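Chemist: The residues making up each chain are set out below.
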Amino acid sequence: MDPHPDLTASVIRGLGWFYLLMAAMNAFWTIRVFKTGTYYESVAGFKHIPKAAPWAIFTALLFMVGAVQVRFDSDPADFVLKLPVVFKDLVDVVIANPISYFALSMVIFVAMIWLRRWWTKPTVAWILLNFAMLFLCVSMTDYDFRQIVGKPDNVPIVGMLFLVGFFTWLYFSKSVENDRRIAAGEPKIEDEQSEQVLVWPDLVYTEMICMLLLTALLIAWGIALQAPLEEPASAVKTPNPSKAPWYFLGLQEMLVYYDPWMAGVVLPSVILVGLMAIPYIDFNPKGNGYYTFDERKFSIITFLFGFLPLWVGMIVLGTFIRGPNWNMFGPYEYWDVHKLEVLNNIDLSQMFWVDWLGKPLPKPDPNASFWMQAGTIILREWLGFALILGYLFLLPPLLAVTVFRKFFIKMGFLRFMVLANLILLMGALPLKMALRWAFTLKYIVSIPEWFFNI
Amino acid sequence: MTVGEYIRESQIWRSIFRHPAPYDRRNRAVVILTNFFLHLHPVSVKQGGIALSYTWCMGGVTFFLFLVETLTGVLLMFYYRPTLEWAFTDIRALRDVTTLGIMREIHRWGAHAMVITVWLHMYRVFLTGSYKPPREFNWVVGVLLLVLTLLLSFTGYLLPWDQLAIWAITVGSNMARATPVLGHEGPGFQLLNLGGYDLITNASDARFLLLGSRFVGEETLNRFYILHCVAIPLVVATLIAIHFWRVRKDGGISQPL
Ligand code: HEM
Chain R
370 MDPHPDLTAS VIRGLGWFYL LMAAMNAFWT IRVFKTGTYY ESVAGFKHIP
420 KAAPWAIFTA LLFMVGAVQV RFDSDPADFV LKLPVVFKDL VDVVIANPIS
470 YFALSMVIFV AMIWLRRWWT KPTVAWILLN FAMLFLCVSM TDYDFRQIVG
520 KPDNVPIVGM LFLVGFFTWL YFSKSVENDR RIAAGEPKIE DEQSEQVLVW
570 PDLVYTEMIC MLLLTALLIA WGIALQAPLE EPASAVKTPN PSKAPWYFLG
620 LQEMLVYYDP WMAGVVLPSV ILVGLMAIPY IDFNPKGNGY YTFDERKFSI
670 ITFLFGFLPL WVGMIVLGTF IRGPNWNMFG PYEYWDVHKL EVLNNIDLSQ
720 MFWVDWLGKP LPKPDPNASF WMQAGTIILR EWLGFALILG YLFLLPPLLA
770 VTVFRKFFIK MGFLRFMVLA NLILLMGALP LKMALRWAFT LKYIVSIPEW
820 FFNI
Chain Z
748 MTVGEYIRES QIWRSIFRHP APYDRRNRAV VILTNFFLHL HPVSVKQGGI
798 ALSYTWCMGG VTFFLFLVET LTGVLLMFYY RPTLEWAFTD IRALRDVTTL
848 GIMREIHRWG AHAMVITVWL HMYRVFLTGS YKPPREFNWV VGVLLLVLTL
898 LLSFTGYLLP WDQLAIWAIT VGSNMARATP VLGHEGPGFQ LLNLGGYDLI
948 TNASDARFLL LGSRFVGEET LNRFYILHCV AIPLVVATLI AIHFWRVRKD
998 GGISQPL
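The listed protein sequences derive, respectively, from chains R and Z. Here the first sequence stands for residues 370 to 823, numbered as in this note's numbering. Here the second sequence stands for residues 748 to 1004, numbered as in this note's numbering.
Chain R extracted, bound-state conformation (with noise of 0.2 Å):
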């Protein structure tokens, strides 16, 4: 038998339910859109149509896989509803390569902001749901996919996911509103709420059932999966990957750009340093209290790019992409250890002095003084130190003077730098990123002799 079957019946069976829960939800929104009472003037020649006859048919048919899986008990060899492998193998590729990653994730986050307005239709939503659930569902019939999504400490991240998408949607569909609002001259959602009720019943009966649910769902939890526990420690067995705990994969991910010094304690710092920065530094006293979008542009698409593609995306790519040897994998790919990447990543001062002028690297005489070595280091890496100092203080100034003009003029010298800064360090990861892809640059600075590379 197959050691490693794309397919049990018992995930089959598993699966089933999966596909009556999604027919229940639908036929909850079938219910929703038939009381609209809405109409298709007419469909290939049938006239008054009802909105929701679509939705009836999907949730039948959602319903009847669903039935015949859970009743599942035939030949697993025989099962249909799986993902074609050209679909497999093309998915596999384009998430399996950092560049097409993010360019993907860039692209998502674009569209996102982009189609606010489209996508935050209900209707829109609900078949992006559908859309993302199904695509769980059928991908659960993959092997690999199985293996590194069904881990116990790994459901959570999925979780995550839907809280994070649908959190999302319910930001942009509350501000799309609210900006619709406040360009009419209307009031806002929230200015309609403003009435005084007593915490007793109102918010302490919301506390008791939201207790009570959650108490429940964790008891739920609980049942259904069991907490991980491997063989006992061994400080001689090192597990290939070997992974820190999932909430800090996004600071192992920076690890391949950047030298530990820098990911693992410079950027956190400045992560830190940059959220508790952040109320001194948001100078715009609109958006208190009420969701929008058009009233405050700037601090949301920042915020949003540090949250979304570069927190919870690369949690994503640390916890299910990356396998052995911290090699990228696609979803449906197994997790080789013998795959092999080429890595011949050269620093900038071998491409300067070396491919450029064609000379061999200055070496520091390991027998003058320190300061003698110093000088002759700080010459071979005078390229990258002159860019990052470059970077980091003559660009706030230019900034200043050109684009961030405005800014500048509101925000006073000191707060200016402060953001100014941040933004360019957070901006550092993914330009390092784009550097090492375009140039398969290694380190700008390059200084094994005092550990400090960047």
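Just so you know, the hints here were simulated from the structure itself, not pulled from any lab data. All figures in this text were calculated on a predicted structure; none of them were measured in a lab. Just to be clear, a hint being listed does not mean it is correct.
Calculated from the model, a selection of chain Z residues having no Cβ within reach of chain R, i.e. all distances over 12 Å [unchecked claim]:
#	residue
1	Thr-749
2	Arg-761
3	Arg-765
4	Phe-783
5	Ile-797
6	Val-821
7	Phe-825
8	His-990
9	Trp-992
Computed footprint of chain R on chain Z, listed as stretches where at least three residues anywhere in the stretch have a Cβ under 8 Å from a Cβ of chain R [what the hints assert, rightly or not]:
#	segment
10	771-779
11	895-909
12	954-960
The beta carbon of each residue, even a glycine, is placed where N, CA and C say it ideally should be.
Following the hints, put chain Z with the ligand in place on chain R, whose structure we already have.
Modeler: Leaving out everything else, chain Z with the ligand in the frame of chain R:
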């Protein structure tokens, strides 16, 4: 007189709750003011401030999860001994033989959930601009809570003492080795030296401080156990108290001005 009324009229009940049942407007206010647990709340709020679609209830859920973690954590402490000899076996016993072993599942999934909800809470606070004056400082307190929540999770990850645990902590704490100046593989560690002898070595650097040893071992288990079960929870509880107090003092949950 119904049974409920009888109980409510009894001396015992009234000695505990100090006020009549909250059926009318006056007593609904009094109940909030005189009950220790409820007095975290104001008596009345703006409807929009407690709308689920506005707050997402994520701060409250995070707090509730913190309470769940405290409760299940204390129960787990009755079973678990943080030594190389017992740590792993005790956890396995929780899975295989202990009656309420599901406490471990609830504790672990609750911890994952808390990390997620604290992010979502921050997400909501940002998107509603609720960090703007006068709530700047409470946002800072919040960021500290975020870090501490992650550290709680991180220190707890080691305790089962299985392969997953020690290697995740090894990978995570290896970063400390590279701390500038204070890590023995960090840039500038040579700066701290005395007459040519480096003060920062693998037995005296930032990583050693964290692990209590040069690698993840028994001392680390002890250190992480105390951080996880005592030190960090105490700080978090204090900060949560400040956080809630500031929510009230800053004028309640933010609403359009
Ligand atoms: C252990 C972690 C935390 C707990 C238990 C907690 C709890 C709460 C609760 C219950 C509220 C009331 C409103 C609501 O539920 O949304 C609140 C408000 C607030 N939280 Fe947190 N929080 C935590 C972490 C954070 C973090 C990470 C941040 C931001 C970085 C933050 C910033 C704020 C701010 C600024 C408010 C006032 C919001 C408003 O007035 O609308 N908190 N917090």
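Chemist: With reference to the structure, classify each hint as holding or not holding.
Modeler: Do the hints match the structure? See the list:
1. Thr-749: holds, 20 Å
2. Arg-761: Holds, since 18 Å exceeds 12 Å.
3. Arg-765: holds, 15 Å
4. Phe-783: holds, 14 Å
5. Ile-797: With a cut-off of 12 Å, Ile-797/Z comes too close to chain R, as the shortest Cβ separation is near 5 Å.
6. Val-821: The assertion about Val-821/Z holds, with a minimum of 16 Å to chain R.
7. Phe-825: holds, 17 Å
8. His-990: holds, 14 Å
9. Trp-992: holds, 16 Å
10. 771-779: holds (count 5)
11. 895-909: holds (count 7)
12. 954-960: violated (count 0)
Checked against the numbered hints given earlier, this structure breaks hints 5 and 12; the rest are met.
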